[in-house]
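Asks: Residue numbers (the working numbering), protein chains in the order written: chain Y, 1 to 305; chain D, 1 to 305; chain W, 1 to 305; chain L, 1 to 305; chain F, 1 to 305; chain G, 1 to 305.
Read the hints as simulated data drawn from the structure, not as lab findings.
Errors might be hidden in some of the hints.
Which copy is meant is left open, so a pair is good if it fits within one copy or across any two.
[What the hints assert, rightly or not] Here are the simulated SDA-like pairs of lysine to any residue, each with C-alpha atoms no more than 20 Å apart in a straight line:
1. Lys41 <-> Asp245
2. Lys215 <-> Pro172
3. Lys99 <-> Met78
4. Lys215 <-> Arg272
5. Lys41 <-> Gly77
6. Lys99 <-> Ala258
7. Lys41 <-> Met78
8. Lys215 <-> Glu176
9. Lys99 <-> Gly77
10. Lys99 <-> Glu297
11. Lys99 <-> Thr243
12. Lys99 <-> Pro262
13. Lys41 <-> Val182
14. Lys99 <-> Ala22
15. Lys99 <-> Gln89
Given the structure is predicted, the values throughout are model-derived calculations rather than measurements.
Protein chains: 6
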Amino acid sequence: MIQRSTGGFSAGQEGPAGLDAAAKAGILVEALPYIRRFWHKVVVVKYGGNAMRRDLASPGGDLACFAEDIVLMRSVGMLPVVVHGGGPQIGDMLSRLGKEARFDDGQRVTDAETLEIVRMVLVGKVNRDIVGAINVHGPLAVGLSGEDAGLINASAHRGDLGFVGTVDAVNPEILEHLLAQVLIPVVATIGSDAAGQAYNINADTVAGALAVALKAEKLVYLTDVEGIRRVPDDPATLLSRLTVDQLEDLVSDGTVTAGMIPKASACVSAVRGGVGHAHVLDGTVPHALLLEVFTREGAGTMVGL
Amino acid sequence: MIQRSTGGFSAGQEGPAGLDAAAKAGILVEALPYIRRFWHKVVVVKYGGNAMRRDLASPGGDLACFAEDIVLMRSVGMLPVVVHGGGPQIGDMLSRLGKEARFDDGQRVTDAETLEIVRMVLVGKVNRDIVGAINVHGPLAVGLSGEDAGLINASAHRGDLGFVGTVDAVNPEILEHLLAQVLIPVVATIGSDAAGQAYNINADTVAGALAVALKAEKLVYLTDVEGIRRVPDDPATLLSRLTVDQLEDLVSDGTVTAGMIPKASACVSAVRGGVGHAHVLDGTVPHALLLEVFTREGAGTMVGL
Amino acid sequence: MIQRSTGGFSAGQEGPAGLDAAAKAGILVEALPYIRRFWHKVVVVKYGGNAMRRDLASPGGDLACFAEDIVLMRSVGMLPVVVHGGGPQIGDMLSRLGKEARFDDGQRVTDAETLEIVRMVLVGKVNRDIVGAINVHGPLAVGLSGEDAGLINASAHRGDLGFVGTVDAVNPEILEHLLAQVLIPVVATIGSDAAGQAYNINADTVAGALAVALKAEKLVYLTDVEGIRRVPDDPATLLSRLTVDQLEDLVSDGTVTAGMIPKASACVSAVRGGVGHAHVLDGTVPHALLLEVFTREGAGTMVGL
Amino acid sequence: MIQRSTGGFSAGQEGPAGLDAAAKAGILVEALPYIRRFWHKVVVVKYGGNAMRRDLASPGGDLACFAEDIVLMRSVGMLPVVVHGGGPQIGDMLSRLGKEARFDDGQRVTDAETLEIVRMVLVGKVNRDIVGAINVHGPLAVGLSGEDAGLINASAHRGDLGFVGTVDAVNPEILEHLLAQVLIPVVATIGSDAAGQAYNINADTVAGALAVALKAEKLVYLTDVEGIRRVPDDPATLLSRLTVDQLEDLVSDGTVTAGMIPKASACVSAVRGGVGHAHVLDGTVPHALLLEVFTREGAGTMVGL
Amino acid sequence: MIQRSTGGFSAGQEGPAGLDAAAKAGILVEALPYIRRFWHKVVVVKYGGNAMRRDLASPGGDLACFAEDIVLMRSVGMLPVVVHGGGPQIGDMLSRLGKEARFDDGQRVTDAETLEIVRMVLVGKVNRDIVGAINVHGPLAVGLSGEDAGLINASAHRGDLGFVGTVDAVNPEILEHLLAQVLIPVVATIGSDAAGQAYNINADTVAGALAVALKAEKLVYLTDVEGIRRVPDDPATLLSRLTVDQLEDLVSDGTVTAGMIPKASACVSAVRGGVGHAHVLDGTVPHALLLEVFTREGAGTMVGL
Amino acid sequence: MIQRSTGGFSAGQEGPAGLDAAAKAGILVEALPYIRRFWHKVVVVKYGGNAMRRDLASPGGDLACFAEDIVLMRSVGMLPVVVHGGGPQIGDMLSRLGKEARFDDGQRVTDAETLEIVRMVLVGKVNRDIVGAINVHGPLAVGLSGEDAGLINASAHRGDLGFVGTVDAVNPEILEHLLAQVLIPVVATIGSDAAGQAYNINADTVAGALAVALKAEKLVYLTDVEGIRRVPDDPATLLSRLTVDQLEDLVSDGTVTAGMIPKASACVSAVRGGVGHAHVLDGTVPHALLLEVFTREGAGTMVGL
């Protein structure tokens with residue numbers, strides 16, 4: 001309001017005439033029941049490497065838009081927690097350092113040196129970029145690794161993958177303290193064991209585990225597809241609402257494939273573990289997160305009991 | 001979200017395609033800085049008899065729409081306080097009871113019997129209707145008279161007007177307790193003196209006094225004109241932003257006239273007394289309150305320092 | 001103490017000599033165990049239309065005396081809640097407005113217009129008079145309707161009685177907040193349903209329901225008889241103490257009759273529902289409330305397990 | 001109430017008929033403004049050796065009566081603090097142990113051995129007797145010495161009196177903690193210095209210093225005279241109210257003499273130091289404390305600004 | 001640090017060279033896990049008459065050393081509670097007053113006069129000496145008798161022993177309040193019954209009962225032997241660690257004898273009642289308490305489950 | 001204690017005999033006044049790249065020893081905050097990536113790419129290593145960058161150095177929240193401006209600024225020299241205590257040289273800004289931190305007013 005023409009007497013020439021005002025009011029009124037419903041509810045948002053495809057640094061880029069959405073959710077009383085991966089950025093750094101990536105069954109084989117680079121990129125670059133993009137709006141975000149204050153207890157996932165970890169336990173106290181201060185935690189998915197050994201953990205899995213531990217209202221996966229489809233190649237067959245049983249059937253019958261399988265099974269576990277709803281959205285559509293949360297039609301696929 | 005087609009597999013056929021989604025997102029994003037700025041700020045809204053002109057009882061009527069706006073403001077963390085008058089309703093009841101209204105210089109001459117009827121209508125009818133309209137959305141509103149918990153100390157305004165009162169002191173503790181419980185106080189403008197004598201007080205004045213006592217961020221007058229105009233009869237000359245000095249000049253030079261003068265001077269006193277901004281809006285425009293508070297162009301006249 | 005002769009040297013000529021001082025001290029000492037026992041305990045007092053028989057407005061009238069007793073109870077740490085009806089006042093207003101009262105089996109048939117008048121009189125007149133009488137002693141009382149903050153959820157009692165309601169649920173949170181601030185709630189017995197429709201409810205029933213919801217120590221009915229008698233017409237047969245079983249026997253064998261039956265059964269339900277004791281007193285005896293609560297002999301009938 | 005005849009149906013034969021009930025009610029009503037005024041106010045009561053003259057142990061004795069008064073004051077929300085001396089009891093023990101008492105200018109010359117006996121009697125006998133008498137009414141009193149938690153910092157009053165101390169500083173935190181738990185501190189007037197050396201201090205002085213440190217509403221001296229008189233030997237000249245200036249004049253002109261002088265000057269200092277009122281009463285009159293605090297006429301002399 | 005040579009430039013000639021610094025560091029590091037483990041844990045320490053053998057008053061004496069240990073324990077976050085007896089001091093006073101001590105089966109036959117002397121010595125002398133010794137380090141200790149705030153409810157142990165009491169119930173609230181203020185309670189083992197009658201109670205028993213009521217981490221008996229030995233006369237057979245079962249066997253087979261039996265059985269009850277560990281130490285060895293609590297080898301006998 | 005020989009009956013053969021026990025006790029007793037004095041006081045410890053010289057990963061290495069000291073300080077109630085640099089580690093990574101380091105007047109010229117690598121190493125590697133080393137002892141440490149929650153507002157130090165920053169303001173709220181949870185913040189010295197641009201800031205300067213903002217009791221620089229010497233090359237001339245004036249003189253007269261100058265001036269600013277004492281120690285001496293804080297002789301140089 002303060003930004004209205006700052007000079008002296010200014011007639012409201014572009015004031016909300018007729019239809020325009022009514023349309024604006026309609027949007028605000030539509031958002032009302034959602035805003036009330038989600039008051040002080042935790043929302044865990046997984047922001048994937050694929051969603052960050054476009055230039056991170058540019059002001060109107062994907063990351064800036066994502067940060068704005070997170071800040072808006074917090075502004076209306078929700079408690080967002082961001083969990084991120086960083087596959088492409090890790091790949092870049094490994095190749096700059098001349099380390100060859102080795103994968104086994106889709107998982108990166110991680111020796112001690114690789115782990116150190118993974119951790120450095122996730123905690124020292126990707127996490128920082130996200131925190132920085134949010135904090136343009138004020139001193140809101142705090143970056144964390146799962147090692148901080150014992151947040152994620154991990155152990156080796158499989159003996160032959162090196163320091164690839166699995167989540168043994170989540171100790172959400174540090175997140176709860178930050179949320180109680182209305183701060184936005186941004187979590188890099190490194191865990192550690194009792195001896196202080198760090199492990200790299202799949203970010204989809206961590207997001208689900210944190211959502212359950214925090215009794216979150218929502219778990220949202222921002223990916224580069226608009227949601228789950230009945231016919232994988234046909235956007236017109238997007239499924240906007242699914243039960244966990246239906247989703248399990250879609251996995252069994254092969255409708256859900258490849259990269260979507262881990263997300264689908266994380267959605268099922270989270271909703272069965274007490275999370276209100278899980279969502280899969282296209283994070284490259286501007287403000288898809290807001291539209292999914294605050295409008296009736298939503299923007300992707302919502303999974304409930 | 002939960003309201004999405006409740007049946008089985010439903011393709012998102014009316015999902016937010018292209019432009020429509022972007023427009024919705026734009027409105028939500030525009031509202032962001034306002035929502036953040038007004039977090040936990042008190043807003044005193046004077047809801048006038050003239051704004052309630054149309055059928056109170058009908059679901060889409062003015063009162064239902066007003067109640068929705070108040071609930072939305074609270075949903076996004078603001079702390080609304082409603083102050084109301086009830087001139088037309090008082091007039092109706094007096095005539096039903098065969099009491100002739102007598103006015104002196106625009107103020108109702110109020111004998112003991114008239115006072116009892118005024119109080120009965122304001123506290124037992126108008127206040128109840130507003131509380132009821134808000135509480136359709138949940139157990140949110142609590143009706144109060146200025147007599148409750150010593151909220152408004154009053155004394156006779158002028159010897160010859162009977163029990164027409166003037167505000168001597170505001171004791172806002174009861175309002176602060178209710179606001180701390182995130183309840184919405186709805187205040188009927190009856191005050192009382194130390195001996196327990198009740199007085200009827202001008203609602204515009206009470207709204208201003210409460211706004212100052214509560215250190216409110218905003219004081220909003222909902223009337224039946226869209227704001228203050230440079231040329232009273234020309235809607236195209238609406239002034240969307242004024243300083244208190246400019247407003248005082250407009251009163252001196254006769255631009256502001258008649259019924260708007262008391263509101264104008266209450267705006268000036270409130271802003272000088274520490275209230276952030278005062279607003280004059282047309283309460284009969286649907287959701288004018290939301291548009292004024294949450295959009296860049298606003299909907300009426302805003303007065304600041 | 002401060003009121004002692006305000007001039008200079010004043011000999012204590014009317015000081016508490018001999019017997020007089022001892023008698024005064026005796027009363028104070030007798031009250032001690034009661035005051036200690038009732039510390040921070042809730043007492044729901046039903047103040048009936050019949051108890052308000054005499055001139056409400058006069059300083060030494062029944063209402064002023066009742067208000068003084070309520071304030072004294074609070075002064076010594078009890079938490080009084082006042083519930084009131086207003087039959088005679090409603091009747092007066094209906095007849096002034098030319099509405100004919102229609103009763104069916106002792107209950108007022110209440111159409112929409114009648115309900116509006118009932119509500120206006122209870123909330124806007126009787127409630128206000130009680131709040132005003134208490135607040136002569138300080139900013140202590142807050143008037144409420146059962147509609148405020150969802151206090152009383154109601155529905156239609158019987159299809160053919162119109163808006164006569166029955167209590168479906170009590171949400172005592174607003175009362176608990178006010179009591180935590182050591183304020184005195186004064187409750188008009190209007191309830192509402194989820195759609196915002198108001199209902200008029202029997203005040204004896206509401207008092208009992210609130211006492212149970214608040215886990216009150218005492219539920220006190222102030223009526224115009226001194227209590228329950230073994231021989232209805234013989235004041236010498238007042239029963240000063242009864243168990244709920246005994247009271248039920250008295251109802252079965254016809255000893256308790258007519259107007260006392262609803263109170264008797266409300267007493268039984270309340271005590272069975274966890275209220276410490278229920279009392280029936282003559283509210284027209286000056287300070288009967290204090291004598292019942294703070295002296296060994298009491299003043300009416302006390303019902304316990 | 002519960003004590004009423006416990007058998008079956010009992011007619012209220014000794015109920016508060018006519019005048020008697022009215023008189024009882026009158027006393028209760030008279031006490032009301034005082035009880036309200038002193039809510040959560042601290043009252044320091046000096047209980048002197050002379051007031052304990054009669055048999056401490058007997059149930060109806062002075063101490064039992066004093067304890068009852070203290071518990072009543074607490075029951076109605078006041079926060080009493082008891083300060084006591086114990087001259088006669090100290091004298092008894094010294095003579096049993098064959099120590100000869102030596103006085104210089106009215107103060108006991110106190111060598112190390114005498115101090116140990118003084119402390120033992122005050123803390124281990126008199127203090128215990130008072131705590132025990134109060135705790136018959138519940139777990140209310142806690143005995144303290146001025147040495148506990150650094151309550152009273154003391155140093156030698158005069159080089160030649162040995163371990164007779166003067167108050168250097170009061171650290172009232174421990175009293176404030178106990179009062180916040182609504183416990184009744186009973187203080188023996190031993191202080192200590194930084195090196196841990198104990199001192200015996202005049203109880204009248206300690207009472208005044210604690211009252212000032214606690215910002216007490218009242219400081220009450222219970223003695224064996226009924227108050228301050230204009231003509232010392234004539235009870236009819238009791239002064240029921242005095243200003244500090246008047247009291248200073250009475251000391252200057254010799255009206256106040258001997259044993260009353262220290263109390264008079266402690267009253268003056270305390271009132272000048274911020275204590276509301278100081279009182280001198282005859283502690284041997286049953287319940288004089290209650291009558292002074294809760295009745296209009298009072299029972300002794302009250303000193304104010 | 002501040003105490004380092006206060007003059008100008010001082011070379012660190014006696015700085016922690018080589019081995020010495022390492023040794024110091026080693027001790028500090030060894031204490032670390034214990035300090036962390038006992039953070040905010042309650043430790044009840046029984047300080048016995050026999051442990052106070054040597055001159056109480058001398059600065060380097062046993063009591064000063066004990067006080068220092070208690071203050072150190074509190075400094076590192078533990079919550080010590082001191083319980084004391086005073087047999088020798090009671091004996092001295094009884095003989096000074098010419099009362100002959102009479103024992104029956106090891107327990108003092110206690111008539112009313114003896115009780116008064118016992119109480120006077122315990123509360124007014126021994127308790128005061130301990131409080132004074134601790135408070136040389138700051139306003140830390142508060143002396144209590146079991147009579148205060150209903151801490152120890154007692155009754156006669158055996159009809160023919162007079163006022164020798166047994167613990168019926170512990171009401172630890174007053175201790176919890178003081179511990180919450182980080183104060184050090186020092187408890188004299190006098191209890192009282194509902195009628196206010198005091199009783200003298202065995203201090204070993206009281207210490208155990210308080211430890212259980214406070215859910216203490218440790219119960220420590222400071223005696224004049226270094227602990228429990230396999231061969232009573234052979235110090236080389238000290239048992240540094242025992243289970244409660246082992247300790248019971250040692251009592252059964254006669255290894256534990258005489259004065260140690262009550263302590264042994266109090267240790268067993270306390271550990272079975274939920275206390276972490278019980279300890280028996282030689283309180284005359286300087287700082288045995290610190291060594292037992294903060295070093296790996298300990299200093300006496302520790303009893304656990 | 002629990003670790004004592006776990007088998008059955010074990011005689012205390014290696015119990016603290018004679019001298020050894022006394023020596024242990026002496027160390028513990030000496031530490032007492034320091035532990036008490038520093039209770040709940042903030043200590044900012046700058047852990048420098050040079051102090052981490054030796055193998056970080058090895059269990060008995062410098063970092064493990066440092067972590068142990070930090071945990072011990074916290075165990076006894078102090079509130080440590082760790083600030084670290086990482087020059088050598090940054091240099092390693094730059095050379096691995098083929099970036100040539102360029103220095104101007106001792107400060108690294110930092111272009112955008114260099115900044116990203118600096119941040120990645122500090123936040124993603126050095127900070128993680130320190131957090132990991134501390135968290136071996138429990139979920140205690142939380143890693144932070146100065147970008148988190150707006151902790152450090154920075155701007156460009158000099159136009160030609162690129163993204164080398166200077167501290168404009170410290171917003172210590174996030175540190176205060178973590179300290180209130182008794183967590184240990186570990187801070188990487190990256191700051192950011194309002195537009196979200198990150199800057200690399202000198203760690204000595206940041207440590208001083210945080211100490212002042214947190215009103216720390218101590219600011220400790222762990223370096224690779226044992227403190228400040230009168231004759232730089234002569235260890236025997238270590239100055240164990242200095243005033244800020246004396247330290248300024250030593251800088252003026254050239255005694256303090258080169259690398260020590262920035263630390264010396266940070267010490268002076270911090271102490272002048274309200275920090276209790278500043279210390280310079282040799283971080284490669286095992287447990288120098290503990291010896292400095294908890295022993296009388298200390299281990300390095302202490303600077304006070």
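Asks: Give a verdict on every hint.
Replies: Against the structure, the hints come out as follows:
In this assembly of identical chains, the alpha carbons of Lys41 and Asp245 never lie at most 20 Å apart, being 25 Å within a copy and 45 Å across copies at closest. For the identical chains of this complex, Lys215 and Pro172 are intra-copy neighbours only, at 10 Å inside a copy versus 28 Å across copies, given an alpha-carbon limit of 20 Å. Taking identical chains as interchangeable, the C-alpha atoms of Lys99 and Met78 are never at most 20 Å apart, the minima being 42 Å within one chain and 44 Å between chains. In this assembly of identical chains, the alpha carbons of Lys215 and Arg272 lie at most 20 Å apart only when taken from the same copy (11 Å versus 38 Å across copies).
Taking the shortest alpha-carbon separations for Lys41 and Gly77, both the intra-copy value of 8 Å and the inter-copy value of 14 Å come in at or below 20 Å. In this assembly of identical chains, the alpha carbons of Lys99 and Ala258 never lie at most 20 Å apart, being 27 Å within a copy and 39 Å across copies at closest. Taking the closest pair of Cα atoms, Lys41 and Met78 come within 20 Å of each other both inside a single copy (5 Å) and across two copies (18 Å). Taking identical chains as interchangeable, the C-alpha atoms of Lys215 and Glu176 lie at most 20 Å apart only when both belong to the same chain, with a minimum of 11 Å there against 27 Å between chains.
For the identical chains of this complex, Lys99 and Gly77 are neighbours neither inside a copy (45 Å) nor across copies (45 Å), given an alpha-carbon limit of 20 Å. In this assembly of identical chains, the alpha carbons of Lys99 and Glu297 never lie at most 20 Å apart, being 46 Å within a copy and 51 Å across copies at closest. For the identical chains of this complex, Lys99 and Thr243 are neighbours neither inside a copy (43 Å) nor across copies (53 Å), given an alpha-carbon limit of 20 Å. Proximity of Lys99 and Pro262 under a CA criterion of 20 Å is satisfied in neither setting, with 27 Å inside one chain copy and 39 Å between copies.
Taking the closest pair of Cα atoms, Lys41 and Val182 come within 20 Å of each other both inside a single copy (11 Å) and across two copies (16 Å). In this assembly of identical chains, the alpha carbons of Lys99 and Ala22 never lie at most 20 Å apart, being 59 Å within a copy and 43 Å across copies at closest. Proximity of Lys99 and Gln89 under a CA criterion of 20 Å is satisfied in both settings, with 14 Å inside one chain copy and 19 Å between copies.
When held up to the earlier numbered hints, the structure conflicts with 1, 3, 6, 9, 10, 11, 12, 14 and fits the remainder.
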